[in-house]
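A.B. asks: Kindly generate the complete structure, drawing on both the sequences and the hints.
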Amino acid sequence: MKRLLFLMFILLIMALSGCGGGPITAGSTTSSTTTSVAPSADNYTWTAQTSAGSRNWDSIASSSDGASLAASVYGGYIYTSTNSGSTWSVKSAAGSRYWYSIASSSNGTALAAAVYGGYIYTSTDSGSTWTAQTSAGSRSWYSIASSSDGTKLAAVDYGGYIYTSADSGSTWTAQTSAGSRSWYSIASSSDGTKLAAVDYGGYIYASTNSGSSWTAQTSGGIENWKSITSSSDATVLAATVYGGYIYISTNSGSTWTAQTNAGTGNWHSIATSPDGTAFAATVYGGYIYTSKDSGSTWITQTNAGSRNWYSIVLSSYGTKFAAVDYGGYIYTGISNY
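Going by this note's numbering, the sequence shown opens with residue 508, and the numbers climb by one from there.
Hints are computed from structural coordinates only; laboratory data are not their basis. Where a beta carbon is used, it is the ideal one built from N, C-alpha and C, also for glycine. It is possible that part of the hints are untrue.
Claimed, not checked - Computed beta-carbon distance windows for the label pairs:
#, residue 1, residue 2, range
1, 770, 726, 37 to 47 Å
2, 725, 700, 43 to 53 Å
3, 767, 722, 20 to 30 Å
4, 666, 800, 34 to 44 Å
5, 593, 813, 35 to 45 Å
6, 550, 687, 45 to 55 Å
C.D. replies: Here it is in structure tokens:
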């Protein structure tokens with residue numbers, strides 16, 4: 508009887524200590540070009556694309572399927588990838604410049620990039636060759652947006668005007684009706700007819716006629732607006748406030764709702780899926796946040812790390828992500844749903 512009790516005691520100790528099996532851990536793989544990160548609690552996988560190097564990345568653009576990516580370096584070159592970020596090619600033909608923003612057509616063939624204190628450059632061959640669009644002038648270009656086919660472009664001059672082009676960047680029109688403001692970011696519908704832009708320290712402005720006229724969306728209030736994104740039909744808009752909240756509109760900007768559940772932060776960039784249901788936003792000096800339910804709930808992507816996130820994009824189905832860390836690497840994410 509004593510021996511039986513002793514054996515039962517030993518078995519109990521082994522069960523409590525987990526004897527006979529080690530801890531279950533998520534696996535990760537590494538190679539010479541990438542470092543994989545384990546899936547987060549929300550089933551996302553993030554990968555540092557180290558082959559592109561650690562640089563002052565400040566903007567990234569994506570094709571609709573997330574396969575073709577283009578990223579710009581402030582004080583460096585433009586880099587492109589055709590395999591969702593696994594490998595990258597430097598596009599030295601565009602030159603080393605103070606690139607500040609880059610945009611892509613839905614198939615990744617047409618690219619447009621803006622230089623702070625320089626010109627807008629366009630490419631029709633996925634970045635192999637570039638043309639300086641001098642007709643727009645040398646300005647403090649902060650943001651550029653493109654229609655899905657790359658023919659209609661819109662760009663903002665910080666401290667100046669909004670400029671639009673209907674011929675892939677060959678000619679440009681200053682949209683003076685919107686005023687000269689601290690324009691920080693601009694977004695476009697897929698057909699390029701509906702635009703939305705944010706004035707840092709002012710209002711959000713929207714246009715339904717390719718930029719010919721603009722309406723101040725005062726319901727959003729005067730804020731330090733940093734970034735704006737649009738669904739394909741521009742019905743859903745989302746904008747970030749640096750040091751404040753994320754705001755979402757479901758009626759083309761007429762009314763706005765602060766997404767307080769995401770919290771306040773130094774929100775720097777935001778992107779949405781074509782249908783406006785999936786979002787991804789970045790905090791400079793913080794984390795990436797994602798939402799799959801039109802902004803009702805947000806998930807902190809802690810496995811991507813707390814970094815100087817500057818720009819983020821996502822694929823048409825909201826399953827592929829790409830973000831840039833200023834002074835660090837390009838990161839890609841996949842939703843495993």
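A.B. asks: Against this structure, judge whether each hint is valid.
C.D. replies: These are the hints, each one checked on the structure:
A hinted range of 37 to 47 Å for the beta carbons of residue 770 and residue 726 is inconsistent with their spacing of about 22 Å. In this structure the supplied range 43 to 53 Å is violated for residue 725 paired with residue 700, their Cβ-Cβ distance being about 23 Å. At roughly 26 Å, the beta-carbon separation of residue 767 and residue 722 lies within the given 20 to 30 Å, and the hint holds. Look at residue 666 against residue 800: about 37 Å separates their beta carbons, and that is inside 34 to 44 Å.
Separated by about 24 Å at the C-beta atoms, residue 593 and residue 813 break the suggested range of 35 to 45 Å. For residue 550 and residue 687, the hinted distance range of 45 to 55 Å is satisfied, since their beta carbons lie about 46 Å from each other.
Violation of the numbered hints given earlier is confined to hints 1, 2 and 5; the remaining hints are satisfied by the structure.
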